[in-house]
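Novice: Now for the letters of each chain:
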Amino acid sequence: MLRTRSLFATVMLAGVFSLLSALLFVTLDAVDVAFTEAAVGAGISTVLMLGTLALTRRFESPPAHTPVIPLFVVLVTGAALVYGTLDMPYFGSATAPAQTHVAPDYISRTPHEIDVPNIVTAILASYRGYDTLGETAVVFTAAVGVLLLLSGLRRRRRKEEEDV
Amino acid sequence: MRHHLILRVVTKLLIGSIMLFALYVQFHGDYSPGGGFQAGVIMAVAFIIYGIVFSLQDVQRVLPPWLVHKLSALGVLVYAGTGVVSFFTGYGFLDYAALSPHHPVHGQHYGIILVELGVGITVTGVMITIYYAFTSRTPVMDDEAW
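So the protein sequences, as listed, match chains A and B. Counting in the working numbering, the first sequence runs from 956 upward without gaps. Counting in the working numbering, the second sequence runs from 3 upward without gaps.
One chain only, chain B, in its complex shape:
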């Protein structure tokens, strides 16, 4: 059944901008408010809104549950991995100076970008995981039920 024509069209237009905004918040976090947590949530919202307006099957064809589960773990791995790399190159755990020994300030920049990326990936994965877990249990409701 096709319904909510306006919602479908507007959603399709919005999803691209939402994802772009998420990437902006992610990688501009050093300069403006925002960072991994907020960017991850916004990126997850792009998929969740697709799932709400279209259907769970549609969004799971784009982003299958197994991939989302792997993403949640990957983010933590990227974050902790950054720490382990600095640990094994003779610096303290999560001391980003290790990433650029001749120019510690640049190392800090690389480190912050890496760990924020890890946070972003995890938060995206976790939010979508929770959304999938809730909605995949529900029978599809008609609009009158609300």
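For reference, chain A alone in the conformation it holds in the complex:
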């Protein structure tokens, strides 16, 4: 159990948590996901959170209400999630839906249709090319949103006009 009001420490702990979950993904043999988690979660997110911290304050203000209701909600959600894992297939089980549904199809088709050793890339860029195009558009939209909200382009332009 750890409690802190220092937001800097919280951001650092979030980065550590992200790195640990990357290790968890490596253990689950999902190296591509682990790679993304380490680069985005532990790397860029931490830097952006620090950037946000620099815009606000370093310490959280004391809460105005008791933590009973949030704690209750978290406990109930946690219990529901644990209950949900009870009838999940065992880790690495050959009869799990993840192993029997579309995965064997991709594995058997990739060598002669795409012929790249990394099947994840084949699925991501070729079989699911539409999805990845959508993801790229989402990432681009994020940049547009941040630019519109934060860049202050209009403010700068107005200032330049005043200077002239």
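For the record, the hints were derived by calculation from the structure and aren't laboratory data. Please note that the accuracy of each hint is not assured.
Here are a few chain B residues that face chain A, going by a calculated C-beta distance under 8 angstroms [as the list claims (entries may be wrong)]:
1. 11
2. 32
3. 46
4. 47
5. 75
6. 76
7. 102
8. 103
9. 105
10. 117
11. 119
12. 128
13. 132
14. 133
15. 135
All C-beta atoms in this analysis are idealised placements derived from N, C-alpha and C, irrespective of residue type, glycine included.
Guided by the hints, dock chain B onto chain A, whose structure is given.
Specialist: Chain B alone, transformed into the frame defined by chain A:
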């Protein structure tokens, strides 16, 4: 004011290797873990670390904001453009066989490299854009503030 001598020297040494690693992750994505998303993030990190250790002005002299904004859009354009090319040569949208009609498997390779490049360019641009947007609002802080 000059400070953090060790950080400055180590950063200068590291940036080259970080960029090289990003290019490796980008173009070796067919063979090993990685691809456009990861490579884009790593490439962005090379610029962001330069901005953190030196200053925002220094990194914006290397990579001005207008160029980063154009890059974010260019990546999506490369990706969608690949689809449009295959579309207009008589294949389905994003059917990479169109890029090499006599040898569809090679077409798949070219297509994957192209769209991964598009993803990489966009992610690099977007990450640096967001970093610029956040840090350009902040007054420069002294080290004691942390």
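Novice: Do the numbers back the hint for residue 76 of chain B, that is, is its least Cβ distance to chain A under 8 angstroms?
Specialist: Violated - the Cβ of residue 76 of chain B stays beyond 8 angstroms from chain A, reaching only about 10 angstroms at its closest.
Novice: Does the interface hint hold: is residue 75 of chain B within less than 8 angstroms of chain A, judged Cβ to Cβ?
Specialist: Since chain A brings a Cβ to about 7 angstroms from residue 75 of chain B, closer than 8 angstroms, the hint holds.
Novice: Can you verify the interface hint for residue 133 of chain B: is its Cβ closer than 8 angstroms to any Cβ in chain A?
Specialist: At 7 angstroms from the nearest chain A Cβ, residue 133 of chain B passes the 8 angstroms test, so the hint holds.
Novice: Once the shortest beta carbon distance from residue 102 of chain B to chain A is found, is it less than 8 angstroms?
Specialist: violated (12 angstroms)
Novice: Using Cβ atoms only, decide whether residue 119 of chain B comes closer than 8 angstroms to chain A, and label the hint accordingly.
Specialist: Status violated, d = 10 angstroms.
Novice: Hint check: is the beta carbon of residue 135 of chain B less than 8 angstroms from a beta carbon of chain A?
Specialist: holds (4 angstroms)
Novice: Holds or violated: is there a CB of chain A closer than 8 angstroms to the CB of residue 103 of chain B?
Specialist: violated (15 angstroms)
Novice: Just to be careful: measuring from the Cβ of residue 105 of chain B to every Cβ in chain A, is the smallest value less than 8 angstroms?
Specialist: This hint is violated: residue 105 of chain B lies away from chain A, its Cβ roughly 11 angstroms from the closest one there, beyond 8 angstroms.
Novice: Does residue 46 of chain B hold up as a contact with chain A if the rule is Cβ-Cβ below 8 angstroms?
Specialist: holds (7 angstroms)
Novice: Can residue 132 of chain B be said to touch chain A, with a Cβ gap under 8 angstroms?
Specialist: holds (5 angstroms)
Novice: Would the stated hint for residue 128 of chain B survive a check requiring a Cβ distance to chain A of less than 8 angstroms?
Specialist: At 4 angstroms from the nearest chain A Cβ, residue 128 of chain B passes the 8 angstroms test, so the hint holds.
Novice: Would the hint on residue 47 of chain B stand, with a C-beta cut-off of 8 angstroms toward chain A?
Specialist: Check passed: Cβ of residue 47 of chain B comes within 6 angstroms of chain A, closer than 8 angstroms.
Consistency with the previously given hints fails for numbers 1, 6, 7, 8, 9, 11, ordered from lowest to highest.
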